[in-house]
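Student: Construct all of the structure, not just a fragment, from the sequences and the given hints.
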Amino acid sequence: MLELLHVTKSFNLTGAAEDERIALDNVSLQIHPGEFVTIIGGNGSGKSTTLNIVSGSLIPDKGKVLLNGFDVSKIPEYKRAAYFGRVFQDPMKGTAAEMSVLENLEIAYVRGRTHSPIKWGFSSSHKKYFSEELKRFGLGLEDRLNQKVGVMSGGQRQALTLLMATMRQRPSEKVIKRDYVRFCEGNKEKAKVEVETAFELAKENRKNALLRVKKLPKEQRKARVEEIKAAYESEISKFDLTKQILLLDEHTAALDPKTARKVLELTNKAVRDNHITTLMVTHNMKDALTYGDRLIMFHLGHIILDVSGEEKDKLSVEDLLKMFEEADKKAEQ
Amino acid sequence: MEFVDIIFNILTMGLPCCLLALGIFLTYRLLDFADLTAEGSFMLGAAICGVMIYNGINPWLATLAGIAIGFLCGTITGCLNRVLKVPKLLSGIITMTASTAIAYIIFGMQNGYPKAFGQSVDFGVTYGGAQQTIFSLLYPWKYSVDLDMYIVPAIWGDVIKILVMFGVVAVVMIGIYFFFGTQYGMAIRATGMNESMARAQGINTNVSSIICVGISNALISLAGALFVQSMQNASVTSAQGYLVVGLASIIIGESIFGKRSFKNWIISVALGAIMYYIIINVAIRLGLPGELMSLLYASLIVVALCLPLIKGIIKKRIKERRNRLEEEG
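One line per chain: the protein sequences are A and B, in this order.
Be aware that the first sequence starts at 1, since it is given in the numbering used here, and climbs by one per residue.
Be aware that the second sequence starts at 1, since it is given in the numbering used here, and climbs by one per residue.
To be clear, the hints were calculated from the coordinates, so they are not data collected in a lab.
Any given hint could turn out to be false.
Claimed, not checked - Here are the computed lysine-lysine pairs in the DSSO-like style, where the Cα-Cα straight-line distance is at most 30 Å:
(1) B:K259 - A:K93
(2) A:K148 - A:K188
(3) B:K263 - A:K119
(4) A:K148 - B:K316
Because the structure is a prediction, the values reported are computed rather than measured.
Tutor: Here is the structure:
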C-alpha cells in the first residue's frame, strides 16, 4: 500500500516571501494494491507534484511517503526506481534517443539491481522476451529492436517507455530478503527468520535436485535442469513483495488524439493484465472517467474529490466541470 | 627517406593524441560534458611521468602514476560538478587551473625537490642514469657502456615506439568498446543522453558521471605520459594547448569517418587524431610559418564542422544529376 501522510510542498524561486507558491498543502492519501487511480486538476493544482514526490524527484517540505508502512521519503530517487515505473509527459524524456530499442529495454530490465560493470549488457534470452512483450503492443516495434529510439514517433516512444516502466527482472536475492523484512506488516524479526529459512530450504532443494540430475541419461538432463531452476525462481519470487507501482504523468498529452487513444488502451491493458497499482495524471476528464477505478481531483494543493467504484461511474464530464467552477469560486472568496 | 620521416613524425605525435581524443570523446560526446580538465590532466600526466622517469623510477610505474593522477583530476572535477553543484564548465576550469599550477611545481622537482618552477624535464634514454622509457625497456639492441646509450639502428627506435603506442591505443579502444557495452557502461551512456530517464531507471547518475569523467581524464593523462616518453622532453609550454588538438581530432574524425555505430565512432575518433597530424605535417612541409599555426587550427575546426554539410550538398547534386540522366534516357 502506498501512503502519503500530511505532505506539504512549496516552491520559491526567488527567495522572497511573497513569491512562495504552495503546490501541496497537507495532503494525505492512501492507495491500495492493484488500484488504478486517475488524477485530474487544473494547472498548478499539485497533481504532478504529487507524482514527483512519490517517485522521489522532489523532496517534500513536510510529511512522509510510506510504502507498506515503510518510510521511503529519505531514499533517493534512483533507489526508489526499483519500486516505481514512470512514464513522462514528454516522449523524449522517458527513453534515450541515441540508443537502440534493445539498449533502452536492457537498461530498464536491470532497474532496481546494480548495473554490473562486468556483465555484458545484452543477452539473447532477454531479446526473445522483449520481442514477445513488444509483439503484444501490435506497433511493429518487435522488428525494430536495433533501430535508434530517436527515429521513432512519439506514440511509439511512449509505448516503449510504458513497457520499460512495467517490466523488470526480479531483484537480487539480497534485495528480496531486505525488502521482505522492510515491507512486511507485523513482527520484523519473525519475518527475517522466515525468509532466511525459506531461502535456505529452496537452495538445499535445488542442490539435491541437481545432484539427482547427474544420474539421469544425458538427453533428459538439460530439460530437468531448466525445470529445477524455474522451480527455484518461483520459490524465491514468492517473497518479492515489491510489486511495481506505475506513475503516469500526462503521458498522452503530447500525442495526437488517435495515438493517445492507442497508448491509453495499451496502458489500460498492461495495468489490468498485471494488476499494477497505477497513478495516472491526466488533463482529459473523459479519460479520467473512462479508465481507472478511482478518481481524485486536486485544486490548489488540496484534494477536493476522491471517488471510486459506482460513485465514480455515475459521474459525468459536466459534473466534474461544475465542481471545478465551484472550487474556483470558493477560492476567490 | 623524407616521406618515411613524415609518416613517423605523424605517428609518434598522433598515437598519443588518439588516446587524448578518445578521453575527451568520453566526456564531450558520451556524457555531454565539455570537460576543460583535459588540458590540466594531460600536462600533469606528462609532468608526473617525466619527472619520475628523470629521477630514475621504473617507467611502467611512472606511467601508472600518470594515469592515476589523471583519474584523480577527473574525479575532482566530477565531484565539484555533482556534489558541490558547480556548473560543468566552471568545475573543469577550476581543476585545469589548479593542475597547471601543480604541473609547474612538479616540472621543477627534477632532483627530488622543487628546484625551479616551470622548467622543462629533459632526459635521454640512458642506462647508467637508469632513465628508461617503456619503449627503451623493450629494445632488443645492445647497450653500449662507453657511450652510455643504446646503439639503435637508424629508424628502428621509432618503429618500436610506434608499435608500443599502437598496442596501447588498440587495447584502450577494445577496452572502451567492451566497457561501454556492459550494463554499467550502458548506464553511463544513458546518463549522458537523458538524465531523467537514467534516474527513473535506477541509475545513480552522480556516481556514473564522476566515474566517466575519471576514466576520461585517466586516458588523457596516459596520453600525456606517452607523449613525454616519446619526446623524451616536456615542459609546461610544450604540453599546452592539447585540449584543442583533442577536440579538433574528434570533430575531424567524425566528419570524415562517420559515427554510424559505437564501434565505428571510436575508430573515427582515433583516426581523427592521426588525420589531424597529417594535415599539420603537410602544412609545415608546404612552408606554413609556425606563427600561423593557430590560424590553421581554427580553420581546420571550421572546415571539419562544415564537412557534413558539404557532403550532403555533393550527395544531393550527384542524385539530381543521376535523375536527370535517367530522364534523358
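Student: Give a verdict on every hint.
Tutor: Hints, verified against the model:
1. B:K259 - A:K93: Status holds; Cα separation ~23 Å.
2. A:K148 - A:K188: violated, 46 Å
3. B:K263 - A:K119: holds, 19 Å
4. A:K148 - B:K316: Holds, at about 24 Å.
Consistency with the previously given hints fails for number 2 only.
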